[in-house]
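Whole structure, please, built from the sequences with the hints as guidance.
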Amino acid sequence: MNSETAGKSLAYEKPKLINDNKFHFCPGCNYGIIIRLIASVLEEMKLTDKTIGLVSAGCYVQTPWYMDVDFVAALHGRAPAVATGIRRVHPDAFMFCMQGDGDLGAIGMGHFMNAMMRGERWTTIFLNNACYGQTRGQMAPTTLLGMRTTTTQDGRDAEKTGYPLHVAELAATMKGVVYAARCCVNTPANYAKAKKMLKTAFQKQLDGPGMSILELLSACPSNWGLPPKEALAFLTENMIAEYPLGEYKNVEPKIDV
Amino acid sequence: MAETILSTGNEAVGHGALYSGCKYFFGYPITPQNAIPEFMSREMFKAGGSYVQAECETAAINMVFGAAAAGARCMTSTSSPGIALMGEGLGGISASELPAVVVDVVRMGPGWGTVQQGQTDYRLLTKGGGNGGYRCISLAPASVQEVFEFMQTAFYLADKYRIIVYVVSDYILGEMAERLELKTLEFDPLPSKDWAVRGKGNNGGTHNTIVPAVGNIEGGIPGYHLHQDKKYKTIEREEVRYQTYQTEDADLIMVAYGSSARISHEVMKQLRADGVKAGLFRPISLWPFPIEQLRELAEGDVRLITVEDSQGQLVEDVEFAAQGKAPVDLIGVWARDLPTPSGVLTPDNVYQEVKKII
Chain A
436 MNSETAGKSL
446 AYEKPKLIND
456 NKFHFCPGCN
466 YGIIIRLIAS
476 VLEEMKLTDK
486 TIGLVSAGCY
496 VQTPWYMDVD
506 FVAALHGRAP
516 AVATGIRRVH
526 PDAFMFCMQG
536 DGDLGAIGMG
546 HFMNAMMRGE
556 RWTTIFLNNA
566 CYGQTRGQMA
576 PTTLLGMRTT
586 TTQDGRDAEK
596 TGYPLHVAEL
606 AATMKGVVYA
616 ARCCVNTPAN
626 YAKAKKMLKT
636 AFQKQLDGPG
646 MSILELLSAC
656 PSNWGLPPKE
666 ALAFLTENMI
676 AEYPLGEYKN
686 VEPKIDV
Chain B
-4 MAETILSTGN
6 EAVGHGALYS
16 GCKYFFGYPI
26 TPQNAIPEFM
36 SREMFKAGGS
46 YVQAECETAA
56 INMVFGAAAA
66 GARCMTSTSS
76 PGIALMGEGL
86 GGISASELPA
96 VVVDVVRMGP
106 GWGTVQQGQT
116 DYRLLTKGGG
126 NGGYRCISLA
136 PASVQEVFEF
146 MQTAFYLADK
156 YRIIVYVVSD
166 YILGEMAERL
176 ELKTLEFDPL
186 PSKDWAVRGK
196 GNNGGTHNTI
206 VPAVGNIEGG
216 IPGYHLHQDK
226 KYKTIEREEV
236 RYQTYQTEDA
246 DLIMVAYGSS
256 ARISHEVMKQ
266 LRADGVKAGL
276 FRPISLWPFP
286 IEQLRELAEG
296 DVRLITVEDS
306 QGQLVEDVEF
316 AAQGKAPVDL
326 IGVWARDLPT
336 PSGVLTPDNV
346 YQEVKKII
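So the sequences go chain by chain: A and B.
So the first sequence is numbered by this note's numbering: it starts at 436 and just counts up by one.
So the second sequence is numbered by this note's numbering: it starts at -4 and just counts up by one.
I should point out that these hints are in silico values taken from the structure, not numbers from a laboratory.
Heads up, the beta-carbon is just placed ideally off N, CA and C, and yes, glycines get one too.
Incorrect hints may have been included.
Unchecked claim - Covered by chain B, according to a simulated footprint, are these stretches of chain A (three or more residues, beta-carbon under 8 Å):
1) 479 to 493
2) 503 to 513
3) 666 to 673
Structural data, given as structure tokens:
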């Protein structure tokens, strides 16, 4: 859809924040939907003028070229550290950090853990597609057991590589976290739930201290070696089984002394 | 009238930051620079800014990345292994053309090295450390007063060129205490930071800002590198800093920076008392290195003796500047006085080594 075809008869219009640059995502990737979701919630909550977004390495790194808010692109895994610096200078900005599973769960795990420990005030949007999408599908911390990737060619084996990482559950254990939830955008109903959760996560940030975290499961047909429809089915049957959807933490943002 | 206090070199870093209007400090503890974050943890909040004890040096430099992208004067300090850990972030800041000040209170040796005095980061600080071929201005003070003043110069140059500026201290300079006259230096006006992220409401909502803005530079990848190179060439032309002592009639010129320049200055006086026509050439900007100025001296009938507390790193630039027109000797770490296994360069030891050479 572009601005010429958008009309009153359409149930969904492209959010104004999404510009006319063409998405580069593979067919069946959920990232386009997720970027649209973020943009629509920023608009509905009237946050666009004071928003600073962060991306680091992953397929979502191009988001600044699609969404017209201020952005900083951090080095791989470093977004929580970069966001910490920005937050000190702009305490009134609205901030979200997009991080993938390799970015947050592997190379940047130390920064993510410490940012949660400090109770940093921003919303982490954690994109879990169970693989390293941008580097062509290697094993990620979130890769399911038995799942074939380019570095687990016989399927992920717990004896060799351990177990999948559960970020929403982990985040819920941290005192500096006020909201931790997991959702996905595989159906219109789940998209609506995801939107509600993202609004809650964003509102927590506006209300007070502490990090809000929303994990989004996302299909990666290219690297899963599945056509888009089968990839969605895999997500529905296998990903959600390992990573149950729902809210894991929802508390009032306040300093606990 | 300016206030005069007794200050260590490490505290002078803090005073210099405050006099530069820097309100944001991010760092991780490491010997021998811990007095700096300790000072900052008190003073940054008092100044209305913030201090964060990062989870590692990698985080610290990326916090600097963020605060710089947000448009604030900000800094970190560390010691040698910390600079190695920061390499990736330093490259990212350079690639994004953000201004930042980084203090290296150098300690000796590779890897974890030692917690002893040393000048073994010369190559790291002048030729890069991270990937991709970026440049940072490196200023080498030789006194507590200069540490304080160079901090102010560093913030000015960082903002002027949108570049990282190192202030190169070391164990001796960091720990020694001297009189410090607290005064604000005057600099030319700086352009506004219209490239910083503040939320697009600050632009009247008309356009958003992205850091790094590499996608907006004309000419693709070659255009980006030509743009950076042009900046580096301007700095090489405009920002060379050095000092000479009694080089006019000298036939022996010692070349040394930082604490070794202080030591060499003493040696020069001893040699002069012996009737040796000794002089001292002191690079202040290690990059850009005063190549032309040293080359001019090398073209006279002189011998150059590099004095540095390392295996020989500065000497490579001295040899490059001399281009074979003057003999170049090196007095390095092996010339240390050794009452203990670590030891330190002293004027007496360096004097004896010079005597052996001549």
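Now for the hints, and whether the structure bears them out:
1. 479 to 493: With 5 residues close enough to chain B, the hint holds.
2. 503 to 513: This one holds; 9 residues, not fewer than the three required, reach chain B with a Cβ under 8 Å.
3. 666 to 673: violated (count 0)
Figure legend: structure checked against the earlier numbered hints; the only hint not met is number 3.
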